[in-house]
Amino acid sequence: MLRINFLTYLKRNWVLLLTAWPVTKLKLSSKKKALAHIPGQGHNLRRHSRVLIHGTGARDLPVVNYTCIRDVYDFNPLYLKRRRRSINRSTSTFKI
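Take 1 as the starting number for the sequence shown in my numbering and just add one per residue.
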């Protein structure tokens with residue numbers, strides 16, 4: 001990993017939204033450079049961390065073609081994950 005940035009994303013045929021998504025600039029084992037999306041809430045990645053990526057990018061970030069995979073190498077999993085939708089109107093966290 002070379003550096004971590006925050007990109008603002010584009011909605012198709014609409015306007016530039018000002019919420020930022022975490023993106024990392026990677027140097028692959030084939031000596032090429034690529035941008036990868038960091039999924040989830042928070043991360044522990046630093047400058048020389050190793051990550052595993054797969055070829056699905058973020059939907060509204062046109063330059064980003066990869067996504068980092070959690071719980072492999074130096075990228076920790078989500079321990080306290082918030083549900084996207086509430087179950088029986090409760091907003092609680094649960095452990096994975």
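Honestly, the hints are just simulated from the structure, not real lab data. Be careful, since some hints might not be right.
Using C-beta positions, here's what the derived DEER-type ranges look like [as the list claims (entries may be wrong)]:
1) K81 x L28: 14 to 20 Å
2) K27 x L80: 30 to 36 Å
3) W21 x Y73: 17 to 23 Å
4) R46 x K81: 19 to 25 Å
5) T8 x S29: 28 to 34 Å
6) K81 x K32: 30 to 36 Å
7) K31 x K81: 32 to 38 Å
8) L80 x L28: 16 to 22 Å
9) V72 x L2: 28 to 34 Å
10) K31 x L80: 33 to 39 Å
11) K33 x L80: 16 to 22 Å
12) Y79 x K32: 28 to 34 Å
13) R47 x K81: 23 to 29 Å
Just so you know, even glycine gets a beta-carbon here, dropped at the ideal spot from N, CA and C.
Hints versus structure:
Separated by about 29 Å at the C-beta atoms, K81 and L28 break the suggested range of 14 to 20 Å. At roughly 31 Å, the beta-carbon separation of K27 and L80 lies within the given 30 to 36 Å, and the hint holds. Between W21 and Y73 the C-beta distance comes to about 21 Å, which sits within the given range of 17 to 23 Å. Under the hint 19 to 25 Å, the C-beta atoms of R46 and K81, about 22 Å apart, fit the expected range.
Taking the beta carbon of each, T8 and S29 are about 30 Å apart, inside 28 to 34 Å as hinted. Between K81 and K32 the beta carbon distance is about 32 Å. The supplied range of 30 to 36 Å therefore holds. Under the hint 32 to 38 Å, the C-beta atoms of K31 and K81, about 35 Å apart, fit the expected range. Between L80 and L28, the C-beta spacing of about 31 Å breaks the proposed range 16 to 22 Å.
V72 and L2 have their C-beta atoms about 19 Å apart, which leaves the hinted 28 to 34 Å range violated. Judged by the Cβ atoms, the range 33 to 39 Å given for K31 and L80 holds: they are separated by roughly 37 Å. Look at K33 against L80: about 33 Å separates their beta carbons, and that is not inside 16 to 22 Å. Remark: the range hint 28 to 34 Å for Y79 to K32 is upheld by a beta-carbon distance near 32 Å.
In this structure the hint that R47 and K81 lie 23 to 29 Å apart at CB holds, the actual value being about 26 Å.
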